[in-house]
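*Asks:* Each chain is listed here by its residues.
There are 2 protein chains.
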Amino acid sequence: MLRLSRLLSKRWLSSSKPAGSTAAHYFPHEPKGPHLATDSIPGPKSQALNDELGQVFDNRATYFVSDYTNSVGNYISDADGNQLLDMYCQISSIPLGYSNPELLKAARSDEMANALINRPALACFPSTDYKQILQDGILAAAPPGHNKVWTALSGSDANETAFKAAFMYQAAIKRGSRDFSAEEMASAMENKAPGCSDGVILSFDKGFHGRLFGSLSTTRSKAIHKLDIPAFPWPKAPFPALKYPLSENVQANQAEEQRCLDAFESIIESYPPHTVAAIIVEPVQAEGGDNHASAAFFQGIRDITLKHKVLMIVDEVQTGVGASGKFWAHEHWNLTTPPDMVTFSKKFQAAGFYFHDKNLQPNQPYRQFNTWCGDPSKAIIAKTIYQEVVKHGLVEKTAATGAYLYPQLQAVLDKHPDKVLNLRGENFGTFIAWDFVDAGARNKLLAEMRARGVNVGGCGDVSARLRPTLVFENSHADVFLGALEDSLKAL
Amino acid sequence: MLRLSRLLSKRWLSSSKPAGSTAAHYFPHEPKGPHLATDSIPGPKSQALNDELGQVFDNRATYFVSDYTNSVGNYISDADGNQLLDMYCQISSIPLGYSNPELLKAARSDEMANALINRPALACFPSTDYKQILQDGILAAAPPGHNKVWTALSGSDANETAFKAAFMYQAAIKRGSRDFSAEEMASAMENKAPGCSDGVILSFDKGFHGRLFGSLSTTRSKAIHKLDIPAFPWPKAPFPALKYPLSENVQANQAEEQRCLDAFESIIESYPPHTVAAIIVEPVQAEGGDNHASAAFFQGIRDITLKHKVLMIVDEVQTGVGASGKFWAHEHWNLTTPPDMVTFSKKFQAAGFYFHDKNLQPNQPYRQFNTWCGDPSKAIIAKTIYQEVVKHGLVEKTAATGAYLYPQLQAVLDKHPDKVLNLRGENFGTFIAWDFVDAGARNKLLAEMRARGVNVGGCGDVSARLRPTLVFENSHADVFLGALEDSLKAL
Chain A
1 MLRLSRLLSK
11 RWLSSSKPAG
21 STAAHYFPHE
31 PKGPHLATDS
41 IPGPKSQALN
51 DELGQVFDNR
61 ATYFVSDYTN
71 SVGNYISDAD
81 GNQLLDMYCQ
91 ISSIPLGYSN
101 PELLKAARSD
111 EMANALINRP
121 ALACFPSTDY
131 KQILQDGILA
141 AAPPGHNKVW
151 TALSGSDANE
161 TAFKAAFMYQ
171 AAIKRGSRDF
181 SAEEMASAME
191 NKAPGCSDGV
201 ILSFDKGFHG
211 RLFGSLSTTR
221 SKAIHKLDIP
231 AFPWPKAPFP
241 ALKYPLSENV
251 QANQAEEQRC
261 LDAFESIIES
271 YPPHTVAAII
281 VEPVQAEGGD
291 NHASAAFFQG
301 IRDITLKHKV
311 LMIVDEVQTG
321 VGASGKFWAH
331 EHWNLTTPPD
341 MVTFSKKFQA
351 AGFYFHDKNL
361 QPNQPYRQFN
371 TWCGDPSKAI
381 IAKTIYQEVV
391 KHGLVEKTAA
401 TGAYLYPQLQ
411 AVLDKHPDKV
421 LNLRGENFGT
431 FIAWDFVDAG
441 ARNKLLAEMR
451 ARGVNVGGCG
461 DVSARLRPTL
471 VFENSHADVF
481 LGALEDSLKA
491 L
Chain B
1 MLRLSRLLSK
11 RWLSSSKPAG
21 STAAHYFPHE
31 PKGPHLATDS
41 IPGPKSQALN
51 DELGQVFDNR
61 ATYFVSDYTN
71 SVGNYISDAD
81 GNQLLDMYCQ
91 ISSIPLGYSN
101 PELLKAARSD
111 EMANALINRP
121 ALACFPSTDY
131 KQILQDGILA
141 AAPPGHNKVW
151 TALSGSDANE
161 TAFKAAFMYQ
171 AAIKRGSRDF
181 SAEEMASAME
191 NKAPGCSDGV
201 ILSFDKGFHG
211 RLFGSLSTTR
221 SKAIHKLDIP
231 AFPWPKAPFP
241 ALKYPLSENV
251 QANQAEEQRC
261 LDAFESIIES
271 YPPHTVAAII
281 VEPVQAEGGD
291 NHASAAFFQG
301 IRDITLKHKV
311 LMIVDEVQTG
321 VGASGKFWAH
331 EHWNLTTPPD
341 MVTFSKKFQA
351 AGFYFHDKNL
361 QPNQPYRQFN
371 TWCGDPSKAI
381 IAKTIYQEVV
391 KHGLVEKTAA
401 TGAYLYPQLQ
411 AVLDKHPDKV
421 LNLRGENFGT
431 FIAWDFVDAG
441 ARNKLLAEMR
451 ARGVNVGGCG
461 DVSARLRPTL
471 VFENSHADVF
481 LGALEDSLKA
491 L
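These protein sequences, in sequence, are chains A and B.
Going by the UniProt record's numbering, the residue at position 72 of the first sequence is 72; the numbering climbs one at a time, nothing skipped.
Going by the UniProt record's numbering, the residue at position 88 of the second sequence is 88; the numbering climbs one at a time, nothing skipped.
Quick caveat, the hints were computed from the structure, so don't treat them as lab data.
One or more hints might be untrue.
[What the hints assert, rightly or not] Quick list of in silico lysine-lysine cross-link-like pairs, DSS-like style, CA-CA up to 27 Å: (1) A:Lys489 <-> A:Lys243; (2) B:Lys415 <-> B:Lys489; (3) B:Lys307 <-> B:Lys358; (4) B:Lys415 <-> A:Lys192; (5) A:Lys222 <-> B:Lys358; (6) B:Lys192 <-> A:Lys222; (7) A:Lys358 <-> B:Lys45.
Whole structure, please, built from the sequences with the hints as guidance.
*Replies:* Shown next as structure tokens:
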């Protein structure tokens, strides 16, 4: 019955979708389904290679050793020749599929060779083409209302440079037109106020913003991320714990979001003005368990930040670049005022933060500064990704694929209410997740899926998350749904 | 007279040097000297391009806009067609010269294309070739006594991951065999002890270790690096302020180093055991003004860290990869026990830290972790750099070039004792610096040098630093010395 309804949906969509299969266009030889070469994954070659790797590198988180030269489109190959439908995609980081031919062209271009072998210190000796590379790529992709960017090297780095911009911005307001005082200059060298800010960044319970010392102080996902590492005494606000299905819990969820907004505002009010330099929030708390909140909640956050002159940083490191069915997930909110900064990395390879207020550039050079200030080779990759996304309408297609997948996934999960619950991500592209009754069931399901040739990642304590490419299409969704149905039965 | 002695030295060296010119081998068409196309630098095209760049990127630290496609060997070209002898090299980051043909081969290789377009989350889905790439490159270059590496994305990132390793290492000793306690798990989520460490990293006055929140807390170079940014209350120790020339100040310098060692030990003793998780020190404090200390001083540091069970991190981000006349500058010290961690970036493009104690891998996976955990494309570049350095004996050649340059530079500076002083870096390859009487004179000299087609960088408040490539040879030194002589006269 289900397979039939799936087939029908598929037929319906294939007649209504705006264009042909981009996956088939890019990858005429993409596998039609998983190929299993060994009895279990990781297979013997993968295990042997991983043992060797362990001699020189911390390899204890390895799922399997991958053969990227044999990975194509939505399929990742391992060292043993297994080919898995990849819906984890390097922790949400492969936008156009493996071995994408347009990315290959970019990788083989003179522009790329030049960027790789003559890597500049961008803020001192920028290249003649850097402005154009930014203009045609990272900046062309800027969220509504944003027109400047600061480039960085990772999501953590992007967030920390955004934090620094926020601290310098608030300090400049407090300082007014006067110059740095002698006391500020001297105390900064001692790691003390007033030269060093005693301000804070407010984040949300279960948020994840990276693992460097500043970003880790805003990360609140799991203890294992934070244990034994010093942290700044920065505050956290509660994040709504919504009940599902949403349609049956409207009032309870509204009350929950209001509770969180009230707590959020009261934390801000507990600090002197300009002390909460910024708040940082993910459109969906991905590492923390794919926790969603409504557009109204985020508008509430925005209103409170504007009221108290606190900057709002939206961390789109995992949600950005199309997977949500919008290029930036926060576009789902239709905010009345854009956020102050939006950070990105992962699917863009390039990292950094967007902004619009020129005062987020500090008053002097060399304050927001480091040797590289980004990487032209990654900016070229980001440019290619952006142009391909636009050319093939991949955001819209991902929205359509999500709309195809979601109700069928709901139907599959509905058959196992004793094992799975809380499906979320409706009308949110393929950025979909659900819960298991416990971590053991989740982990077993992910193993069952891998044994059937489908690679899915976990998040939070008991969730599975879908993070396929932007060329993940209905036919791939069918493969996934089939494997899931079988795996759930085997639980 | 000087020019003659220089010529003589040149002749002497050309008959005694171990092999032919690597620069000529790589770059048969390298310019013989600077080419000046505009009256001043930056020229009009460079300025126009920089103005455009400023619309989207913080461009206020720009020296000039560079045309890397026209940069070759030791010569950097700007947008106006000026070709400058580059002795700053992207803040000490170009090891083999611009547009190096072997790096170009690596950049155009299938291996590189694969690394760029299928960038892995290395700790979860490592590639089949990552171990070999590490083995043949980054690890083959490991300092004496080190056999493991953790890869990162920048010098700051390398230092912060090393700090995290140190904090987890010390916490594990204190915790012994017991598991994390419930109180630790809960308090970590609140950014509080005992779950979050109240330990510290000790650094040195005028040290520079990066600009992320943890690394910036150890950076003590300039207030402008630190103002308005929150910092951890971590301690700093004095770093010796040596007097030059060294041969005339032996006793005073010994006393100064002993004073600093005593202060260093007394700071460590002021904390409970295992609270100073690690100390971090540069072989030469580069950003802070190219401050050197003796091998005996660093051995003293090592002895004190061993005595108090504090880890020793040597930050070779700027000093590493050959410029000092050793591959790693700390090899000059002949330490009785290797440092616990050695960090690198810049000239290697790849970044990270070396270590030898397997307990610097935390007791569980996902503790030292992030999405990328390094970048295979940079590891391939590092491998190529290492292999070319070995193949052409570039470390030894750089030592010889430094030995050629240093006495002649001394002779040039000796003519202007009213303007310049404190030449340092003897027997330290081309990693050479000297002071000016004030910042104004330094800045004017650097401008005069650029106007003569030689790009030199400053450091500290009043110093100039030489950071040429490893294919900077006697003929390039001659060009530099000529321009310096003229520029000093023009001061």
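*Asks:* All hints, please: hold or fail.
*Replies:* Outcome of the hint check:
Among the hinted pairs, Lys489 of chain A with Lys243 of chain A is consistent with the structure: their alpha-carbon atoms are about 25 Å apart, no more than 27 Å. Of the supplied pair hints, the one linking Lys415 of chain B and Lys489 of chain B holds, its CA atoms being roughly 10 Å apart against a limit of 27 Å. With a C-alpha separation of about 20 Å, the suggested pair Lys307 of chain B and Lys358 of chain B falls inside the 27 Å cut-off, and the hint holds. Only pairs whose Cα atoms come within 27 Å are accepted, and Lys415 of chain B paired with Lys192 of chain A is rejected, the gap being roughly 44 Å.
For the hint pairing Lys222 of chain A with Lys358 of chain B, the CA-to-CA distance comes to about 25 Å; that is within 27 Å, so the pair holds. Taking the CA atoms of Lys192 of chain B and Lys222 of chain A, the gap is near 14 Å; set against the 27 Å cutoff, the hint holds. For the suggested pair Lys358 of chain A and Lys45 of chain B, the alpha carbons sit about 25 Å apart, so the restraint of at most 27 Å is met.
In summary, the structure is inconsistent with hint 4 from the numbered list given earlier, while agreeing with all the others.
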